[in-house]
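Turn these sequences into a full structure, and let the hints guide you.
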Amino acid sequence: MGEVILQMIDIDKRFPGVHALNKVSFDVKRGEVHALMGENGAGKSTLMKVLTGIYTKDSGSIVFEGKEVEFHGAREAQDAGVVIVHQELNMVGHLTVAQNIFIGREFKKGIRIDDKKMNEEAAKLFEKLNINIDPTATMSDLTVGKQQMCEIAKAISHDAKVIIFDEPTAALTESEIEDLFKIIRDLRKQQMAIVYISHRMDEIKVITDRVTVMRDGCYVGTLVTEESTKDDIINMMVGRIIYEEPKTKSRVPDDAPVVLRVDHLNAGRMVQDVSFELRKGEILGFSGLMGAGRTETARAIFGADPKESGEIFVNGKKTVINSPEDAVKAGIGYLSEDRKRFGIVVQKTIAENTTMADLGNYMKGIFIDKKKEKKVAKEFVDSLSTKTPSVDQLVVNLSGGNQQKVVIAKWLCKNCDILIFDEPTRGIDVGAKNEIYKLMNKLAAEGKSIIMISSEMTEILRMSDRIVVMCEGKKTGELRIEDTTQEKIMNLATRDIN
Amino acid sequence: MDLIKKIKENPIIKKLGFNRIVLACVLVLMYLILSLMVDNFAGMPRIMSALNYVYFLGFLSLGVTFVIATGGIDFSIGPVMFCCALVSGYSLTSLGVPMLPSLILSLIVGLLFGMMNGYLVAYWKVPPFIVSMASMNIAKGVASVFTKTQSVSWPQAAKGGWFRSLVKVGKFPVGIIVFLVVAAICSIILNHTKAGRYILSLGSNREAVRLSGVDTKKWEMLAYAICGVLVGIAAIYFVGAYTTVQPGYGDQYNNEAIAGCVMGGTSMAGGLASIGGTVIGVFIIALLQEGILALGFTKDYQLIITGLIVIVAVYADVMARRRKN
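Going down the list, the sequences are from chains A and B. For the first sequence, counting from 1, position 295 maps to 295 in the working numbering; every step adds exactly one. For the second sequence, counting from 1, position 186 maps to 186 in the working numbering; every step adds exactly one.
No wet-lab data here; the hints were simulated from the structure. The structure presented is a predicted model; accordingly, all values stated were derived computationally and were not measured. Glycine included, each C-beta is placed from N, C-alpha and C at the ideal position. Just so you know, not all the hints are guaranteed correct.
[What the hints assert, rightly or not] Derived list of chain A stretches under chain B, where covered just means 3 residues or more per stretch with a C-beta under 8 Å from a C-beta of chain B:
| hint | region |
| --- | --- |
| 1 | 334-341 |
| 2 | 345-354 |
| 3 | 357-366 |
Printed below as a string of structure tokens:
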């Protein structure tokens, strides 16, 4: 390991309603892989966004190669040699691999783009990294794993000194992970400084030199990986939160009525012949890797995207759902993984968002009965313990967890019996996460039926009564919680990928 | 800075809207300055002349406020207003249709154009910019064909033009009352009905509203339809004040109507709209037009100034948004 190349000191950042980073310090040395760990919402990504200038810090300082710096945007950071390989890949699907790698700084011959030279340079880059990808291939034809390799190649082509990997293995198969680790080890040998964000404990032990743990926006501590045990790290991550054990037994009786049956549903490449049943009072987990088609399945059921074929039965009755309007009428509510885009109207108040799906019941003649609206919204704020000074608060001012509660309130207000939670705790801090879990359990106990899509294994194992696993648009298995292990799920989740 | 913050937090000011109060002050200030600079500016003739402008521009602006609230835009309102005035005027003067049905015809023509625009935008997903550019030309063409490219003069009050009493009776400006009442109705629609709630919400986040099980297409189309009817009313006030309309014109009023609307605090990005702001904005535009003429400049300068107003107002909105994020 070499000297410290990058140091972040006492970084502070607030968002409306959230203290996202509370005097966090972090450093990384040349030739080291430094893991940044913590639960969702611990502030890892925020810290890296502050580093690369996507967010501006409220206070604190960043020292890079001995000089205090402040990057204004990813471009500046990139030019200085700090690059980030994002969790979501930023590739233009219809361009070739080489065109993607050199996007924004294309080689030119006169005024024409020199594709030949770009292909050659990309090939050299891949050679250096020991990656086998054709630079002329179209990006969208590659697997997620290959696309990520391209993203890494692109990062390195920027003459990177610090590379940040943001949960790089979230969407990869076992063998792809192996390849990735090989590349990371090579980079380390070349004296690259690497920040590795993940919460997969096994990987941390295998690939990293040091581990820094964050919790609720605070710095908890740094350990040398070799000298620490898994339990040390877990204790630091979990802190005050007591984790519930995985569910061992389904709470749903075998003879509970089927409230939703999906029969041979097809909708594009991502939803192929999906069938399953949901019982009353059940939490049905949907597990799988990123891009397995779970969200697409949910959206097709809900009528948000068109279906090609398949039938849906609600309470045993065949139901045609061609639009979200139809779905809501049938008593189905959908809580999107992307609240900001699909869940809430940020410029509207809590009260207005709460009645969004059920406004028809809040009319006095042609006028909206705002008094009744506010009263009901207040009841939901109280029963879900949403933290807000009043129901007149604009939703934009709430934290992620509280925004999620507003979305839940919207569907409870409509009195939907079937709720589809898509990544219900994404971007929510740990305390609020537990509240959401409690709430989901309560709803199930009251007889609501829940489909829960989640990429977090712990969440799936803790919440589900039964688990459907998907891979590349197909359902690859169904497990009763009693016979579920993490390995079984992973096997099913990667069954179609080689 | 602290003082401004304190003022902004005051409940009464919050209720009225800080920006609207500033805008109203601008209006009053403009009026005072013009009165000092121009002899007899405060006199009745100028006020009546400015009001004539306020009426038709005001209805256009109210209409386009609904469309902009959805995140859309309508560049056809000026020519459609002319089309309404020409089709109904020609029916009245050359085809022998009585007055009342002619006036209703004006509203119907406006409604049809609004529904067409709305349908294409909401159901066919054609970008509003393209739709309204196209329907602007359609409106001009329809008007020319219908009137055989002749201008139409609406009758004077003495010759059966009783509709002019909607504008003024003697010296009394009836139009201002009608305008304010319609504006109040618009404000109620926008803030207290399902239509307004969904129009504003879908302007802010269409997908979230659609995924709440709301028929967003219907409500989006309705916004354009409301705009159309208001354009039809604007046509009546235009001929009520200026009597004669000629086919092939009307474009210049698009910009002015949109300027009045965005100046009043309606966001071009959709989701935020203020009818009160639009009303004040319209008064400012009308006063500006009167002032420019009174100071001896030509109408061309007004085109330049309203163009700049649109740019500045939209830029201010963009900056305010960025700061919030």
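At least three residues with a C-beta closer than 8 Å to a C-beta of chain B: is that true for the region 345-354 of chain A? holds (count 5)
ask   = Per the coverage rule (Cβ-Cβ under 8 Å, at least three residues), is the region 357-366 of chain A covered by chain B?
value = Held - the region 357-366 of chain A has 5 residues with a Cβ nearer than 8 Å to chain B, which meets the minimum of three.
Q.
Using C-beta distances, would you say chain B covers the region 334-341 of chain A, given that this needs three or more residues below 8 Å?
A. Satisfied; 3 residues make the cut.
Of the numbered hints stated above, none is contradicted by the structure.
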